[in-house]
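Protein chains: 2
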Amino acid sequence: MAGKKVLIVYAHQEPKSFNGSLKDVAVEELRKQGCSVTVSDLYAMQFEPRATRNDIVGHVHNPEQFNYIVETREAYKRGGLSSDVVEEQKKVQEADLLIFQFPLYWFSMPAIMKGWMDRVLVQGFAYGFPEFYDSGLLKNKLALFSFTTGSPRETYTKGNTNGDIRYLLWPLQHGTMHFCGVKVLAPHMCFAPESVSEGQRKEMLTAWAQRLKTLWKEEPINCSSEWYFK
Amino acid sequence: MAGKKVLIVYAHQEPKSFNGSLKDVAVEELRKQGCSVTVSDLYAMQFEPRATRNDIVGHVHNPEQFNYIVETREAYKRGGLSSDVVEEQKKVQEADLLIFQFPLYWFSMPAIMKGWMDRVLVQGFAYGFPEFYDSGLLKNKLALFSFTTGSPRETYTKGNTNGDIRYLLWPLQHGTMHFCGVKVLAPHMCFAPESVSEGQRKEMLTAWAQRLKTLWKEEPINCSSEWYFK
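These protein sequences, in sequence, are chains A and B.
Counting from 478, one number per residue, gives the positions in the first sequence under my numbering.
Counting from 478, one number per residue, gives the positions in the second sequence under my numbering.
One chain only, chain A, in its complex shape (with noise of 0.2 Å):
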């Protein structure tokens, strides 16, 4: 929708893989429709997911015993927390909609983009007490979890070895994003891409532009255990 602000983290080595092409679809389809849509490429930005003292710019409030939740909280209220990190939450204020782009790695987010989790949804920014769930702090912002499997969509489901997709996702979407006041829209799975044809990878990609087209109109998901776990 024109005027809407959009954030893609991506997290893919490969330019031309198809996490890749995924992002590029999103970049192009949003901006037609006159969204301006900015891309935090963690590999080529060399994002930093480990999360240290060096998150912390000048003073640590407590030098003795080093709490990294204390100090970034400490450190985001006084302005201090290291440059990159104030960039990302730059770019987090400024969206309606966040767009988690990655293949799944061990059921959940490459590494990279965990730490981006980790250090950008700093307390007082992301979230505060009483200011989480639906009360988080990011409250008015949309998310949606868009990535791809190894292994096929069957292999997914109830009572298959890998359980409902929707297992995986609530440390994701609720654990973190609703944590936040973020609203989660369903998220964007292509099953498999490495193991079907050429043909069925365009299908993947224009059924994704397809959705992006009326994705302004899409009402969030009930972002409750029942929605994971029914």
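By construction, these hints were calculated from the structure, which means they are not laboratory data.
There may be inaccurate statements among the hints.
No copy is singled out in the list; a pair is fine if it fits within one copy or between any two copies.
Claimed, not checked - Lysine-lysine pairs mimicking BS3-like chemistry, simulated, CA-CA at most 27 Å apart:
(1) Lys509 x Lys554
(2) Lys694 x Lys568
(3) Lys679 x Lys616
(4) Lys635 x Lys567
(5) Lys554 x Lys493
(6) Lys509 x Lys493
(7) Lys635 x Lys616
(8) Lys635 x Lys482
Since the structure of chain A is already known, use the hints to place chain B on it.
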């Protein structure tokens, strides 16, 4: 149990933290039993969490289109993985038991530990096709997730906003360890150690030491969806 080998994969920035104490207690108790204990102190090692081309030494299988899973599988076969990954694989290979000690970040491990999973558990080393789940290549090993939370126990129950604590263990215990054939012991949780008294923290440390005394007699959990979502 005397003669057993234990690898503790530990992720906390501060040696004086409660996670640090839990790690120290485990090292001490297990050594007292005659176990051989190795610690991978990920922050102290500045362990690299990012899965990149740097993990392959020398020849890249397909430099035109870099595929991390394929490249690390091929590099593993010919002994061409980077030395830090090889070092961790050796520790895993020798271990009877893996203990993961960490503070919960966003319903999961800190990114530095997720990177350990992403980079160390390479195809051909930890799993293959059809060597996965009960046939996984690490099938004679045990794993135990020991972690701390920020929120108290009662918030991690079914029907409460955080949901049953078991929900968030699915990607870690089932999607990662079980996938590699590792049998999983019941997790060890210390809820909200920062919100309790010094006396209660000491009790938590004692309880952990006590559990470790009879750990080798424990039966693994039945790591299927029933355990998590029943």
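Evaluated hints:
| no. | hint | verdict |
| --- | --- | --- |
| 1 | Lys509 x Lys554 | neither (38 Å within a copy, 46 Å between copies) |
| 2 | Lys694 x Lys568 | within (23 Å within a copy, 51 Å between copies) |
| 3 | Lys679 x Lys616 | neither (35 Å within a copy, 39 Å between copies) |
| 4 | Lys635 x Lys567 | neither (39 Å within a copy, 35 Å between copies) |
| 5 | Lys554 x Lys493 | between (40 Å within a copy, 25 Å between copies) |
| 6 | Lys509 x Lys493 | within (22 Å within a copy, 53 Å between copies) |
| 7 | Lys635 x Lys616 | between (31 Å within a copy, 24 Å between copies) |
| 8 | Lys635 x Lys482 | neither (36 Å within a copy, 36 Å between copies) |
The structure does not agree with the numbered hints 1, 3, 4, 8 stated previously, though it agrees with the rest.
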